[in-house]
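Starting from the given sequences, assemble the full structure and let the hints guide the process.
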Amino acid sequence: MKKKFVFVLAALLLFFTVTLYGSKKVNADEIAGKVIFHYQLWDQDYSSAGLWVWNTGSGGSSNAVTSDKVDSFGAVYEINVASDASDTIGIVALRKDITLDSRWDYRETPDGENFFLDVTDIKNGKKEEIHVYYFQGGYQTYFVAEETKVNVLVCYYDPTAAYEGNLGLHTWGSYVQEELNSVGWGTPAKVFKDGFKSPGDAKGKVALLSIDEKDIANAGFLIYAGDDATKKTPENACLGITDWADLKNGSVNVLYVSGGKTYYGQNALKDFVENSFKFDFIGFNATEVSGTYAVDPRTIFVKTTLALPTKEVIGKETVTKTRTVLKPQVKEGGTAFTQTDKTFPSYSASELPSGALGKVVVHYQRWNGDYTDNGAWTWDGGTGSVSCVPMGGVDNFGAVIELPIYADASDTIGFICLNKGVKAAGNDWPEGVDDSNKGTGNIDVDVTSIKNGTVKELHVYAFEGDKDSHAGYNTSANLVNIFVVYYDLSGNYEENLGVHSWGNWVTEGMNGAEWTKPVQVFSTGLKSPKGIEGKVALIQIDEKDIASAGFLVYAGDDATKKTPENAFLAVTDWADLKNGSVNLVYIALDKAFYGKDAKADFATTAFSGEIEWVEVEEEYQEEVDVLGVIDYKKYFKLMCGNDLVDIESINFNQTASSTNEFVINLKNAIDTSKEYTLYYSNGATGEELVEANVKIDIDTEKPVITLISDEEIVIEQGKKWDPTLFPLYKVTDNRDTNLTGRVYVKSGHGTLNTNVPGDYPITLVVEDTFGNVGELTFNIKVVAVETSGCKSGSAIMFSVMSALGLLVFFIRRRFN
Amino acid sequence: MKKYFSFILVLFVIFALFGCGNEITSGEIIKFDETQAKETILKVWVDDTDGKLMEEIKPAFEAANPGIIVEYQHMATIDCREKLKTYGRSGYGADVFQFPHDHMAQAILDDLVYVLPDSLMEKLEENCLPVAMKIAESNYDEKTGTFTGTTKKLFAVPISIESVIIYYNKDLLQSEGIDLPKTMEELLKISADYKEKHGNYGFAINSHWADAYFLQAIYGAFGWTPFGKDLNDQTEVGFEKAESKAAIKWMLENLKPVTTGNGNTDSIQGTSLFEEGKIPFLLSGPWSVPGFKTANINFGTMLIPTINGNQATTFAGAQMLAVYKYSKNIEAAVKFVEFMATKEAGEILYRTSGDCPALKEEIINEIPGIKDDESIQVMLEQLSSSVPMPTIPQVTYYWAPAETMMKNLWNKEGNIDEEVAKAEKSYKASRDLAS
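If you read the protein sequences in the order shown, they are chains A and B. 1 is the number of the first residue of the first sequence in the numbering used here; add one for each residue after it. 1 is the number of the first residue of the second sequence in the numbering used here; add one for each residue after it.
Keep in mind that the hints were calculated from the coordinates and are not lab data. These numbers were taken from a predicted model, which means no experiment stands behind them. Where is the CB? At the ideal position from N, CA and C, for every residue including glycine. Hints are supplied without guarantee of correctness; some may be wrong.
Said to hold, decoys possible - Capping the alpha-carbon separation at 20 Å, the derived lysine to any residue pairs in SDA-like fashion look like this:
| hint | chain 1 | residue 1 | chain 2 | residue 2 |
| --- | --- | --- | --- | --- |
| 1 | A | Lys719 | B | Thr35 |
| 2 | A | Lys633 | B | Tyr87 |
| 3 | B | Lys58 | A | Lys633 |
As the list claims (entries may be wrong) - Take a look, some chain A residues computed to stay more than 12 Å from chain B by CB distance:
| hint | residue |
| --- | --- |
| 4 | Trp54 |
| 5 | Asn55 |
| 6 | Glu716 |
Spelled out as structure tokens, the structure:
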């Protein structure tokens, strides 16, 4: 038996071993290796960044590749490459929205300009992984790390993008890249590529240096353009790598250099971004004809290193919006606690009766909102007061009942809210009203402050079911008042139920509240229609302290929190609450209710049968900023020496939220013999001040027309013009690259008459974009030809003979 | 004798004076400053990466329109709009620019598009495919800023037209003994059988199975289009309509099991597999043809087969050229866009890019090669039942919710009622936020 068991066990083991081995083998056949793509974004927000890949073969990664992995460089994406992948796989890096079609708005390479990575080393088994490093704005430039060497990515950034053509590295020591070895002083190794772009689209340079760790101690480099004056770091750049000598093979290290500073190590990226990507003008780039420059005498193109907002707040307006909210709904078959659909007049304060010193204003909230014939029974208000007082209208809280206070009133008066029967003021107990119609118990109010003239009004708040002898709730006109209503359906409340709070509260005990020690602010302040009591607290705070304050309801530990989140989060406009306001937060069944419909939702949730939560759309009012397009004329200033140059208008993309490209249109043409400087200032002060200036590049060079064919064209008199004889020419210009097609013949300088011998100068003209005009005059010579009737020699002879004939004729006449 | 001598002398004089005066008139007077005068420079921004199209369009247009020089620049369609907003008013933008079907409304709202003359609209209506014209025309009312005006106007010229169709590998069909399916049900069975035999499903998509542009063929077969029957009602995106839900249900129950199985919407690289000759059928569009040719695939094309007996109705898409509203060369620009809708330009377009000109079939078929181009012919047939891409600006907010909805259903087995409701809300939220 034992033998059999061992045999079965062994067979099972063998089966699983073969199965597992087999499955692994199949997988290994399909996936030949991985491209590990490291992607660096300046804001380091990789939450929706990703890659779009293709040509990776059967079972290879396809389309969107996402990841939540990050390393010290940036996000890390794994691209599976199958053995039947193409030799080059296609990759598009996407900064945002990788899972949505809008992803294409955030692509690093424009449509049709994707980049491809050679993966033959993976396909043929030479490598299992290829590590690719890619910076934001890298376009088609990526860097493949040498896995057995120390890799140093050197990023150099000039915010004005004015990189010398000779920019490169001076190095010493032994590197993997041949071009970095034996580099002579004065001849920089030109290893930099356009490897990234700033948030404002200014290009940055990146070079990858690879070196064996054994050679590193004797190696170093600096960035320059051929001489001491062009060194980009005050010291050798490698000195920025403090642990340079300790770098290990296989490591990838990034050194950022900008503004004469080097950034390396743990916070290098953050420090580099904060210090380098500052606002500035991007200077004129003569090679690409980009940056900031005068494109013509009345137009200046402006490009900045950071984008500026296109709109600013010019006012406020209240708009109606819709939002989806969760609403309690009684489950099918349950009994809903509903609100009345009756409406009541709004409360407006009435004048004090003659002789009254002031009044107690009672605000009474009923759960079903029905205030028909509601009012109060009051006593000890003094001579002139009446016992039975009908409500005067409703406010956001509930019914409002005014109780005048006379000089001979007791220091403490009393009242009971009544739910029916109070049709008019009087001193008789209202007919048909018994204890079951009492909305509250006896509520006492200290009115000495009215009697001694300190205040004219005292506002007292009461919830339906407030029990006997409750002291009411005295709100303050100088503080933000928040009623916190907490209701447990079972009616069981922990003894130490209270609030935990932070921030500077006025309510006693809430300042510096300790966790596990709830502040005992609650008292029994309501009773549900089912007769279950609930808790109410009035907490108060100054409006200046509210932004940094908060609270939650609990009984001393996490398990007893009464809301899934802090209750104050339900107060959507928490930070905007004003002194004197009275606000309500209701809490029941782990939900907090605030704002419009809060009481109705709370009552339905707390007082109905079993409920469920459904999403409904509701309208709400919100005060929003009114945005207007910024008039950038107040921020840009063009100066010619001390003279301010008139700007007519500034164009920019007004539908974008921000832009770093502007077109400044001038009222008058600039004087090309003078220098102009463009200034920007946002007009702020202190740390908010942003300013920069740049000298405007002006094109003073004329385009040059050069003849490719002979300068003089000869044509025989009387011949038709052969268009192929027109000279060939080309145009060169310091800025414009394609002016040849714009050449034309100057008006009044282009007529040829092949019937008449002579020289015919023809003037070609071309105008560059700036308006500089280049001219070239060539000659067409029409040479006379002898005609059969009168050759030229004969003509002369005939002329001489004619002159002789005439002479003889006149002489003979004279002598005859 | 003296008289005789005098007479001879006079003759000499007359001869000298008049005898040599036989003026040469066989030459000509050329006014180069008139024949080679300063010309209008027309700047054209087109999405023409390799420049092959414009290399031929430029001389053809210039020959037909003396006095105008075309300077063209490759510019991605989105960049066209953005750059125009900054540089257009100063005269440094394009006179003519390009955008695809669903960008037109936004371009109009961005105040970039010049309304083309009615005479041109009438001329194009004679020459261009009606479905393409529907994309290029709009009832935009500038006064109210709405697209529900009473007058139809032409805002762009459609230059090419496209629709998805089905591409198949002829060699594979022959070697596998597969007949062309007549219905979608047959195609799906082939796909499933092929998987059994070869490990790959036999039918795939050039995009992913949550791409609403492609899926419109299926939605259409169930009678659904977004934005109502005229595709222009922004209040009626319609995710929650019964027809939409029926199409989704069909896709989840019938399409998904035989195209990705348990995989996600983008788990199969359809185009790569097709180009590698590993699958017989691919749902794709004309943009894939150069890739198929490079991969030496002997491919054929067929209409998207009927689904439950109903015709698949695809979106007709178009590339369009518009005149920049503040161009300083409006007249020349209009001439250029008009030229681009001619048979001559269509011939160049087809020859250089393989794209299908947006011209009526009888004109297109005069272009050498097109009549025998099966891909184009099948696509034209497919287009005959296509619906134009919606061009109201709110279409921008349709794609993402539509994609998310299908991904949640296909990849996460979500509930159809819940997901269509979520998509509807998501669309409305994005639309309202933007407004």
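Results for each hint:
1. A:Lys719 / B:Thr35: 19 Å, holds
2. A:Lys633 / B:Tyr87: 17 Å, holds
3. B:Lys58 / A:Lys633: 40 Å, violated
4. Trp54: The claim is violated: A:Trp54 sits with its nearest Cβ about 6 Å from chain B, within 12 Å.
5. Asn55: 6 Å, violated
6. Glu716: A:Glu716 is in fact no farther than 12 Å from some Cβ atom of chain B, at 9 Å.
Figure legend: structure checked against the earlier numbered hints; hints not met, in rising order: 3, 4, 5 and 6.
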